[in-house]
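My request is simple: use the sequences and hints to build the entire structure.
Those protein sequences? They're chains B and R, same order as listed.
Numbering follows the working numbering, in which position 140 of the first sequence is assigned residue number 248; successive positions increment by one, without gaps.
Numbering follows the working numbering, in which position 29 of the second sequence is assigned residue number 49; successive positions increment by one, without gaps.
Bear in mind the hints are in silico, worked out from the structure with no lab data behind them.
Any given hint could turn out to be false.
Sample of chain R residues facing chain B (criterion: CB under 8 Å; computed from the structure) [stated by the list, open to error]:
no. : residue
1   : Lys24
2   : Tyr167
3   : Leu170
4   : Ser177
Within a straight-line C-alpha distance of at most 25 Å, the following computed DSS-like cross-link-like pairs (lysine-lysine) qualify [as the list claims (entries may be wrong)]:
no. : chain 1 : residue 1 : chain 2 : residue 2
5   : R       : Lys24     : B       : Lys293
6   : R       : Lys260    : R       : Lys196
7   : R       : Lys199    : B       : Lys151
8   : B       : Lys151    : R       : Lys198
9   : R       : Lys23     : B       : Lys293
10  : B       : Lys151    : R       : Lys194
This structure is a prediction, so every number in the text was calculated from the model and none was measured.
Each residue gets a CB set at the ideal place from its N, CA and C atoms; glycine is no exception.
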Amino acid sequence: MLFNSIDFILFLPIVVVLYFAIPHKFRWILLLAASYYFYMCWKVEYVLLIVLSTVIDFYMGILMDKLPTQKARTPLLIVSLIFNLGTLFLFKYYNFASENINLLVDKIGMNHHLPVLNLLLPVGISFYTFQTLSYTIDVYFGRQKAERHLGYFALYVSFFPQLVAGPIERFSRLTPQLKEFHQLKYENLSKGFRLILYGLFIKMVIADNLASYVDLIYDSPTSYSSWDVLKGVFMYSFQIYNDFYGYSLVAIGSAKIMGIDLMDNFRTPYLAKNIMEFWQRWHISLSTWFRDYLYFPLGGNRVTKSKWMMNIAIVFIVSGFWHGANWTFIIWGALYGVIYLIEKNTNDLLKLKTNHTDFSFGHILLAIKTFVFVTFIWVFFRSQSVHEAFVIFNSIFNFHAVGQLSLEIPALVWILLALFILSDILLYNKRFDTLLDNIPFAGRWLIYSFLLFSIIVFSSVEIFPFIYFQF
Amino acid sequence: MAKKVTYRLIILAILLIGMNFIYKKWFYEADLQKHSDIINLVRAIPDDADIIYLGESSNITYKELEDVDKRPISAFIGDFFPTLHTYDITKPASHAGIYKVLLNQLPETNKKKTIVVTLNLRSFNAQWIYSDLETVLQKSVVLLQPYPVLYNRFMLSFKGYDIKTEEERTQQFKRKWKKDVFHFPYAFPFKNVPEWESWVNSNGVKNKEGVFDQAAIELACHYIKAYGFQIDFDNNVRIKDFDDIVALAQKRNWNLVFNLLAENTEKAGELVGKDLLFLMQENTKKLVEYYTKKGVTVVNNLDIVANDQFIDQDWTTEHYAEKGRKTIARNVAKSLKKWYNNEYIDVNDAYKTTFFNDFERLNPWNQMHTLTDQQAYSGTHSSKTGNGEDFSVSFEYPINLIPDSLRKTVTIDAWMYQENSNHNAQFNVEVYGVDEKFINSYPIKSQLNKITAWQQFHLTIPLPKTIKNPNFIKLYLYNTSETTIYLDNFSVKFE
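Structure follows, in structure tokens:
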């Protein structure tokens, strides 16, 4: 069930009404049933994976909790890791691994080939796997007491607003809110709807309208002039941002209506002055996950400089690989690591200060530089293969190429994009729902009307599923 | 809080009404042209239309090399009623679910109309009902639903129509095949389509020489999948669609005809046998009975077209060659006699001497790719020539259908629009006999004294007597210059 579908438009109000209508002690059952139903709308069978993951981590948590030392808990952690990462590997990485091993085997002249599996990637597997893993690891380190209520734990793993594409929540943040008694509050309703409205606007009106032009370029880059390919590449930056940011806002808004606060996943990342700041503002729940569960355990920055640089490289490469089983994602992550290290070392060397709080000319220049870097790195993310990425770059820098086709982007799309950029600047370090608090009633309703009208009238009629669902 | 929420819901309702108004006034038409241009097929039907034929590809498919007269079934029906205005709405791959939406769009007029709706037996089959073409078809009619226009656009934006992936649709019809159990009045060894298909697949089909023939096996399986069903009149979605059409016809006081298309029963019998023919005949019989009871005139063409008249010999389609199309047209025309007896002329003696094309419909004259919406004398389209497009839409007709006494002259009337006068465009008349031909050109410049304006072009010429057995005439605008000349409302009259 997609957020931008009639099904969800009906599903959410029904769940919300029932949520507030039934006694508190039954609400977890309602939310769990709704979450499983939500997930089963994609493929019924794959709910078993979530259930299995839930049951294993629930009992591993309880068993670990009973053991006094980390050493004693280690085998249980390993069981959890093997199951969760094993499932992830099987569905997401096995074919990639087997194809590459087969290539290697071919090179050395052996005949034995690993089979390729015809498995459909379960929607959101990377998200819920990381969410449940964070719990097990926290219990292992003693940072979290094990949950004794299987229902609430299952709900933590599968809470429908953030089940398939995050934000990846921590147990200590989400579960107390799920257990808490929430009353229907006008403020929550209002803020939740504002976020949903803005989220749908940027997904359906901005991202989806850009998607068709981006697809044209990536499907046939050599048919277009270098200027058109460049336009397509920059359009993708806005497409993926609006697509994922839009999804996250609808997720946060849907939970907010029920009184549950999910963490922010984006804070105007394209206004970041450098790559480090970009990753503090882009997909925040994943960045912090990698920080807490990979970077810190590797030693973080409390190690020698060379080890620290290695840690940074590992985190970015693993982060890239998390997104997908393709060399393009690995290169995408590695490039971030390289630029991050270059920027960090240059800043340290020149003792540059980049912590401006408000817009300045310097900020704008740095933000443009970061945005250009990010845009070119997205080429690897969007391309189906490394070769395709190089074709794109070649098409951009082949200034003499005369395109057989021309990328005609209607004025309306440019206007909507300009409006979004303006709103993103206004939202610098703010969230849409709180920004509207300071606007008078008439102004707020004027904005609501514009957003609602745009969603209905200017949305793309083509089907573009949320990009991050494939991860 | 309840007061606050109610207050805001009222504001929202008012806003939505305002938005509906704004959308309808400034955006709806552009959206229609972009996402539901199927509406233009309906808009091209003038108010004075007497007979409207709704069809799919069966109406317009012809045999490229062999058909002398490539016109659609609907045009052949029109030949039987020369004084009536016969039009067609043709949309390939469509079915009753689409026709009913289009018919709802026909404006109400005082003139009594006759609606002929194609009834394709295969369209009741699960494979068609759950066809992967369905998503595109359903999407094309969302904006035409009888609800407020903003609501329709909302449904289009939020994908509120039957939207499924190809894989999901395949699973749907496979499930249906498995679920639908045959009920033959005699012992039949297979429970359902998969069992029957599987048996044919493993036991094979022999050709005339008695040798197992893989192509025949595959085709036999297609026939089983296409016709191996028994219509469930209570639940079949297509029945509901046709019922809706019946209800609409009653409401609008139309004469309603269902044109049950011919299927290749000859091939079905040869490849699969009597059991499949039984199902085809049983379904047909039930459909005829069911809709006749509802007051619809059902024309049963099931087995009136011979195998050699089916264009696709390796697939199950209702694409007919000229003779096949004419046979069906004759059958339909006969059924229309009860309303138009005075206007009916038996086609053996009939001759059509006037022809007209306003280039607004899928009227398969040649060079239809020259149609453009850049200029139009009437409607929205004309034929564009010049700059490498030398030939306009051309009129081609088997002239031997017209008695000698009524084809002494041909009169051409058309509207033309020239962007400048730097051209030597001419109107060409070509008449072909068995071994002889007549080709003549008539410069158009002498009649066109204005630029960038529509002007009437008129030409009457005697047809050559020297050609004893003329069987074909071709009329078109020929423009090899770089000047754009548009042609519209092209009429031809033989006298």
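Taking the hints in turn, this is what the structure says about them:
1. Lys24: OK, holds: Lys24 (chain R) within 8 Å of chain B, min 6 Å.
2. Tyr167: 13 Å, violated
3. Leu170: Status holds, d = 6 Å.
4. Ser177: At 4 Å from the nearest chain B Cβ, Ser177 (chain R) passes the 8 Å test, so the hint holds.
5. R:Lys24 / B:Lys293: 11 Å, holds
6. R:Lys260 / R:Lys196: Measuring from Cα to Cα gives roughly 18 Å; hence the hint holds.
7. R:Lys199 / B:Lys151: 21 Å, holds
8. B:Lys151 / R:Lys198: Given that 25 Å is the threshold and the Cα spacing comes to 21 Å, the pair holds.
9. R:Lys23 / B:Lys293: 13 Å, holds
10. B:Lys151 / R:Lys194: Between Lys151 (chain B) and Lys194 (chain R) the Cα gap is close to 17 Å, so the pair holds against 25 Å.
When the structure is compared with the earlier hints, a violation turns up for hint 2 alone.
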